[in-house]
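Undergrad: Going line by line, the protein sequences match chains A and B. Residue numbering for the first sequence follows my numbering, beginning at 1193 and increasing consecutively. Residue numbering for the second sequence follows my numbering, beginning at 1193 and increasing consecutively.
Honestly, I wouldn't trust all of these hints.
Identical copies carry no separate label here, and so any pair may be met within one copy or between two of them.
Said to hold, decoys possible - Here are the simulated DSS-like pairs of lysine-lysine, each with C-alpha atoms no more than 30 Å apart in a straight line:
{"id": "1", "residue 1": "Lys1409", "residue 2": "Lys1240"}
{"id": "2", "residue 1": "Lys1240", "residue 2": "Lys1395"}
{"id": "3", "residue 1": "Lys1385", "residue 2": "Lys1315"}
{"id": "4", "residue 1": "Lys1461", "residue 2": "Lys1473"}
{"id": "5", "residue 1": "Lys1256", "residue 2": "Lys1482"}
{"id": "6", "residue 1": "Lys1416", "residue 2": "Lys1475"}
{"id": "7", "residue 1": "Lys1472", "residue 2": "Lys1461"}
{"id": "8", "residue 1": "Lys1391", "residue 2": "Lys1322"}
{"id": "9", "residue 1": "Lys1247", "residue 2": "Lys1275"}
Don't read these hints as lab results, they were simulated from the structure. No experiment lies behind these values; they were computed from the predicted model shown.
Protein chains: 2
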Amino acid sequence: MKKKITIAIDAMGGDNSPNKTIEGLSLFLKEKTKNDDFFINLYGDKDKINLELDKFSLSKEFLKIIHSSSVVSDDETPLTAVKNSKNTSMWNCIKSQIDGDADISLSAGNTGVLLVISRMILKMMSQLSKPALAGLWPNKNGMNVVLDLGANIECTEDNLVDFAELGSALYKSLYPNDKPLVSLLNVGSEEIKGTEILKKAYKKLNTLSNDNNFIFKGYLEGNKIMEGSSNVIVTDGFTGNIALKTAEGTAKFITDNLKKSLTENILTKISLIFSYFALKKFKDRLDPRKYNGAIFLGLNGPVVKSHGGTDAIGFYHSIDLCYKIVKGNLLDQIKNNLNHLNHDK
Amino acid sequence: MKKKITIAIDAMGGDNSPNKTIEGLSLFLKEKTKNDDFFINLYGDKDKINLELDKFSLSKEFLKIIHSSSVVSDDETPLTAVKNSKNTSMWNCIKSQIDGDADISLSAGNTGVLLVISRMILKMMSQLSKPALAGLWPNKNGMNVVLDLGANIECTEDNLVDFAELGSALYKSLYPNDKPLVSLLNVGSEEIKGTEILKKAYKKLNTLSNDNNFIFKGYLEGNKIMEGSSNVIVTDGFTGNIALKTAEGTAKFITDNLKKSLTENILTKISLIFSYFALKKFKDRLDPRKYNGAIFLGLNGPVVKSHGGTDAIGFYHSIDLCYKIVKGNLLDQIKNNLNHLNHDK
Chain A
1193 MKKKITIAID AMGGDNSPNK TIEGLSLFLK EKTKNDDFFI NLYGDKDKIN LELDKFSLSK
1253 EFLKIIHSSS VVSDDETPLT AVKNSKNTSM WNCIKSQIDG DADISLSAGN TGVLLVISRM
1313 ILKMMSQLSK PALAGLWPNK NGMNVVLDLG ANIECTEDNL VDFAELGSAL YKSLYPNDKP
1373 LVSLLNVGSE EIKGTEILKK AYKKLNTLSN DNNFIFKGYL EGNKIMEGSS NVIVTDGFTG
1433 NIALKTAEGT AKFITDNLKK SLTENILTKI SLIFSYFALK KFKDRLDPRK YNGAIFLGLN
1493 GPVVKSHGGT DAIGFYHSID LCYKIVKGNL LDQIKNNLNH LNHDK
Chain B
1193 MKKKITIAID AMGGDNSPNK TIEGLSLFLK EKTKNDDFFI NLYGDKDKIN LELDKFSLSK
1253 EFLKIIHSSS VVSDDETPLT AVKNSKNTSM WNCIKSQIDG DADISLSAGN TGVLLVISRM
1313 ILKMMSQLSK PALAGLWPNK NGMNVVLDLG ANIECTEDNL VDFAELGSAL YKSLYPNDKP
1373 LVSLLNVGSE EIKGTEILKK AYKKLNTLSN DNNFIFKGYL EGNKIMEGSS NVIVTDGFTG
1433 NIALKTAEGT AKFITDNLKK SLTENILTKI SLIFSYFALK KFKDRLDPRK YNGAIFLGLN
1493 GPVVKSHGGT DAIGFYHSID LCYKIVKGNL LDQIKNNLNH LNHDK
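Using the sequences plus the hints, can you model the full thing?
TA: See below:
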């Protein structure tokens, strides 16, 4: 019998949990009703979780609950996290990977604490000096993997090269039929543009570019991220975080303005009758809940961070992301890609 | 008699010039038909400019042409620019400020060359160590000034403080009734977030914050740029360039998707009949041509760079921006703000 994909879920993290996490799980179970290739371990308060499982009439065929009485607070800082978070639902959820009980961990809890304790428990892969937080970001042809999104404020050229390998591995695990096309985010597309670190990373990536791991496409400017000519966008955590949040803010500004315009008078309200389904499709295509889930890469086990403020649909997409990552053999893809590295060490 | 606002325009820079520049000027003259407080100096090929002036039936009451037979090419690099650009329309346009013939210069030509020769001809203000490129960026309540947008890839904390003073001066010259609210772009709003340079700049700006020059609002994340809680957003040129271009790319992606959705079938096309005026207003509000014009700050004379690919309407907005900047006494505002500085030098 083939080993099942086992997903460890911190049921208690994020706003409105465990209600949201269990409702998200119910959507996942409904969608995967014909699959029997997965199993879910739920970490958190047994009574509260059982109450929610009953509410959504979920059978326990595909899941089990591992009781944890405490939860990482939203106010906890990474500095005090290690002392205060032992045996919380988040801690136990991550630790289960070390014990061989799960293939991946998912939490919507405190991001800073999750990064610190994941790194402490799972340890970094020996070839790397920094882990990275990667996200999904739509483009005209499909999806980008963008990293780092904020785990590392300052990066060397070797870190950026590592991120290219990690991001390409993630891309291949999620989209096995596509080729990873790596770009470095920069202020221009000419070779002379950018910082010294970018120029050195450019040279190294050019040497590493090949048909098996990734094709290096050179520099990419911010306005081309969504054009689809690349699909793995590499940058330091400061720039990546600013770019991602600026895109979020811009999208919100535009859709808020559109909503206002389309409801401003009786004529525009009539227009909505005719454009309802098209606008719904437009909204669905850009729904940020579909890209919910940042992936913490470079540890000896993958960890997915769901947005704390997302709802059940957003959390469902994070569970589905975990399922796809394990099905696509992310860890093997990463190991294979790191063999391909040739840092001057 | 009060001195007239004199704007020096490089009529030859950018795509489709001098047709676009003169058509833009015709829109400006039409709008300002009742004002007699300005004068335009046009730099470029006399014959070509005259041909366009005739095409748009422009009288020469408010303008004069200063003939330059050569033009800065789009392929010119900043490295060779100084040698090759002497006596071009761009060069003469900027030099006219030194000769006392103009208050501000405007060009849609080669950006790199414009920055290099502006700095060479106009020289930096003695209190500064770096000039900055500032842009306008809409927010929920009006407009942001954002800087630097790419003139300086790497910045010290003193550069960032200088940018805060320069940006506030520009904001006051454009919006004399509003107070400049300065923020530092960062990956979080807590004081412990970000690079060491940002933390030092934060401390200095906190000390400088006062009711006369600007109020310092602390750190700002990318998703809050358009929320309107600040209006002068300070960052290094690398981050500013990535943020601006990412916002442009996101806006294009969303509006392209919307257009596709609203024209996909007969029903949605009917809906357009009812929503036509509302959507037009929506489009107008977000029209990037309205924010066309980056302002080069910190030299002994202001220089405005119009987007090379913009059209006559975009160029009109750049001319209008020049007019407002001089009317708002930008140079005096900057001198006043720089007196307020207390760098440890």
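Undergrad: Each hint needs a verdict: does it hold in this structure or not?
TA: Here's how the hints hold up against the structure:
Taking the closest pair of Cα atoms, Lys1409 and Lys1240 never come within 30 Å of each other, the shortest separation being 50 Å inside a single copy and 42 Å across copies. Taking identical chains as interchangeable, the C-alpha atoms of Lys1240 and Lys1395 are never at most 30 Å apart, the minima being 54 Å within one chain and 46 Å between chains. For a Cα distance limit of 30 Å, the shortest separation of Lys1385 from Lys1315 across copies, 24 Å, qualifies, whereas the shortest one inside one copy, 36 Å, does not. Both within a single protomer and between protomers do Lys1461 and Lys1473 lie at most 30 Å apart by alpha-carbon distance, with minima of 18 Å and 15 Å respectively.
For the homomeric pair Lys1256 and Lys1482, the shortest alpha-carbon distance inside one copy (26 Å) is at most 30 Å, but the shortest distance between copies (58 Å) is not. Taking identical chains as interchangeable, the C-alpha atoms of Lys1416 and Lys1475 lie at most 30 Å apart whether they share a chain (22 Å) or sit on different chains (21 Å). Taking the shortest alpha-carbon separations for Lys1472 and Lys1461, both the intra-copy value of 15 Å and the inter-copy value of 15 Å come in at or below 30 Å. For a Cα distance limit of 30 Å, the shortest separation of Lys1391 from Lys1322 qualifies both inside one copy, at 20 Å, and across copies, at 23 Å.
When the C-alpha separation of Lys1247 and Lys1275 is checked against a cutoff of 30 Å, the pair qualifies neither within a copy, at 35 Å, nor between copies, at 77 Å.
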